[in-house]
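Taken in sequence, the protein lines are chains A and B. Counted from 1, the first sequence has number 92 at position 92 by my numbering; the numbering is strictly sequential. Counted from 1, the second sequence has number 9 at position 9 by my numbering; the numbering is strictly sequential.
These are computed hints drawn from the structure, not numbers from a lab. Certain hints may be false.
[Claimed, not checked] Calculated pairs, EDC-like style, for lysine to aspartate or glutamate (alpha carbon to alpha carbon, straight line, at most 20 Å): (1) A:Lys-4 / B:Glu-84; (2) A:Lys-76 / B:Asp-54; (3) B:Lys-130 / A:Glu-78; (4) A:Lys-120 / B:Glu-90; (5) A:Lys-104 / A:Glu-63; (6) A:Lys-110 / B:Glu-84; (7) A:Lys-8 / B:Glu-84; (8) B:Lys-51 / A:Asp-77; (9) A:Lys-110 / B:Asp-54; (10) B:Lys-119 / A:Asp-62; (11) A:Lys-8 / B:Asp-88; (12) A:Lys-117 / A:Asp-62; (13) B:Lys-66 / B:Glu-90; (14) B:Lys-136 / A:Asp-73; (15) B:Lys-68 / B:Asp-54; (16) A:Lys-4 / B:Asp-69; (17) B:Lys-51 / A:Asp-62; (18) B:Lys-68 / B:Glu-121; (19) B:Lys-66 / A:Glu-78; (20) B:Lys-66 / A:Asp-115; (21) B:Lys-51 / B:Asp-101; (22) A:Lys-4 / B:Asp-101; (23) A:Lys-117 / B:Asp-88; (24) B:Lys-130 / A:Glu-84.
Computed from a predicted model, the values in this text were never measured in an experiment.
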Amino acid sequence: MKSKSITKTGKKPIDSRQHTITDGGQWFIPAADIHETEESILFKVDMPGCSEDSISLDVRGDELVLTGHLAYDEEKDESLLYTEYDVGHYHRHFLLSGQYNLDKIDAGMKDGILDIKVPKFKKYKPKRLKVKAAA
Amino acid sequence: MALVKLRENPYSRSDSLYRKHGEIEDIMDEPWLGGPFPEFAGVYPPVIISKSGDTLVLRAELPGMKLKDIDVSISGCSIIIRGERYPDLEDTCMYHRRERDFGFFSRAVGLPENVNPDKCEAFYHNGVLKVLVTTKPDKGVKHINVRQIK
Numbered sequence: 001m002k003s004k005s006i007t008k009t010g011k012k013p014i015d016s017r018q019h020t021i022t023d024g025g026q027w028f029i030p031a032a033d034i035h036e037t038e039e040s041i042l043f044k045v046d047m048p049g050c051s052e053d054s055i056s057l058d059v060r061g062d063e064l065v066l067t068g069h070l071a072y073d074e075e076k077d078e079s080l081l082y083t084e085y086d087v088g089h090y091h092r093h094f095l096l097s098g099q100y101n102l103d104k105i106d107a108g109m110k111d112g113i114l115d116i117k118v119p120k121f122k123k124y125k126p127k128r129l130k131v132k133a134a135a
Numbered sequence: 001m002a003l004v005k006l007r008e009n010p011y012s013r014s015d016s017l018y019r020k021h022g023e024i025e026d027i028m029d030e031p032w033l034g035g036p037f038p039e040f041a042g043v044y045p046p047v048i049i050s051k052s053g054d055t056l057v058l059r060a061e062l063p064g065m066k067l068k069d070i071d072v073s074i075s076g077c078s079i080i081i082r083g084e085r086y087p088d089l090e091d092t093c094m095y096h097r098r099e100r101d102f103g104f105f106s107r108a109v110g111l112p113e114n115v116n117p118d119k120c121e122a123f124y125h126n127g128v129l130k131v132l133v134t135t136k137p138d139k140g141v142k143h144i145n146v147r148q149i150k
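Extracted from the complex, chain B is given alone in its bound form (with noise of 0.2 Å):
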């Protein structure tokens, strides 16, 4: 696994600049000092869900994927997606700033409805991965007689 290597250049400026910003940066980052974002503590990738009619649409940014390393199935009421995201770069570079991450994931999202896992479809574009799920329609409310006991 290569190790993240900061070479002091003192005739750049843009060496130092980064150094200080970033150290700065990566200390208010930890999640004990509240971090930039309510960070979900470990979950990745973040969703949004919304609907459209009968259809439930999942999103989530997942930037720089070969789809061959993104798989998502449907499983009762959730969505799993899972799949590992590689480095793009080199480790023989010298790296002045690395704030991307890397690695595998996977994650269940609980959906609020019942779906139909047969109409489902999942879409790859700009580096954001939405799924639309077919909701199962209602079965309409049913009305329960309450019985008076002696």
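In isolation and in its complexed conformation, chain A is listed as follows (with noise of 0.2 Å):
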């Protein structure tokens, strides 16, 4: 089966009204996916042009800050010629329910994306119980 196109980039501009932001340039809502396993809560974040040192993830309360700056790699006397993107920085919250055990998150870096694995605790995680033939 012939797989499908890409035809949209992710990342959003943010809306200045639900998130003032004083730093300057330009800032954006970077795509994520958010699924779910038994055992945790995983986000994929895509962030190109951040770097693990260029990132910041802070646990608040039940919510995941996060803030990733970008590092402008420019060429001797680069001019602009024709753009069809924005770039900037990142920033997203994340509101997770009481399921997770934000002390225990697990987050990794690699070629603009971003890994965060929070796992369940052990109450939360899925139990199997035996069912036993009614005597």
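Build the complex: two chains, separate frames, hints provided.
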């Protein structure tokens, strides 16, 4: 089966009424996929242009706050000719329910993608019960 | 191909919050309602071209690619960028939200100047593809005489 083609990019400009950022530059909400397994919740966030040094991931109560600063790498005397997308920093919040143990977060960054894994507390993991035949 | 699964979890605050917000956002993304960006009608990846001396610099955001899945070639006055982005999460997971796109892409970008295909380099760093293309030196302006026809 022929695979589908990519048609859209994920990041969106931030709504400055929701998040007023006084830091300079343009800000975007990075695209994220949020998946859940029996053990944990997984985030994959697209932040091209960021490295693990330019990311800050904070836990504030039940909220994950992610900020990624872009490292601009310009060539010498570079002048812009043509642009099809905007470049800027990233910012996003994730509000989680109480099922997840935010003290045991694991996060890694590779090729512009941030991988976050938050395990569930034991009592929220699904347990299979044995069903016995009724007498 | 995986279907997006959304399972209702009434005890999860995050679930209902994302569902409502996501539905409105997804509608606003449709090109016929303006979309969030001036969309370039399915053209991927979007590029930025700039100039640094004799070199043209082309950048494209391609997060999460393996080098073997990106193909960059030069033909005439165009750079052709081709590749495939594979999904990176198992299908058996339950999705809360799905915003990233996957699949193949192929795009030719016309360059404004003559390029020297033997002196080009491409780099991939932090999810950004950067192609440096050297332009051929300008042969200068040639003056053409205008003659009167009697």
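Does the alpha-carbon distance linking Lys-66 (chain B) and Glu-90 (chain B) stay inside the 20 Å limit? holds, 18 Å
Straight-line Cα separation of Lys-120 (chain A) and Glu-90 (chain B) no greater than 20 Å? holds, 18 Å
Holds or violated: are the alpha carbons of Lys-110 (chain A) and Glu-84 (chain B) at most 20 Å from each other? holds, 17 Å
Please work out if Lys-51 (chain B) and Asp-62 (chain A) have their alpha carbons no farther apart than 20 Å. violated, 46 Å
Between the alpha carbons of Lys-117 (chain A) and Asp-62 (chain A), is the straight-line distance 20 Å or under? Given pair Lys-117 (chain A), Asp-62 (chain A) holds - Cα atoms ~15 Å apart, limit 20 Å.
Is it true that the CA of Lys-66 (chain B) sits at most 20 Å from the CA of Asp-115 (chain A)? Status holds; Cα separation ~16 Å.
Does Asp-101 (chain B) sit within 20 Å of Lys-51 (chain B), going by the straight-line distance between their CA atoms? violated, 30 Å
Taking 20 Å as the top limit, are the C-alpha atoms of Lys-68 (chain B) and Glu-121 (chain B) close enough? holds, 16 Å
Hint consistency between Lys-76 (chain A) and Asp-54 (chain B) [alpha-carbon to alpha-carbon, up to 20 Å]: holds, 11 Å
Assess, step by step, whether the Cα of Lys-68 (chain B) is no farther than 20 Å from the Cα of Asp-54 (chain B), and give holds or violated. violated, 29 Å
20 Å limit on alpha-carbon distance, applied to hinted pair Lys-4 (chain A) and Asp-69 (chain B): The given pair, whose Cα atoms are some 15 Å apart, holds under the 20 Å limit.
What's the verdict on Lys-104 (chain A) and Glu-63 (chain A), does the C-alpha distance respect the 20 Å limit or exceed it? holds, 14 Å
The structure is inconsistent with the numbered hints 9, 10, 14, 15, 17, 19 and 21, although it conforms to all the rest.
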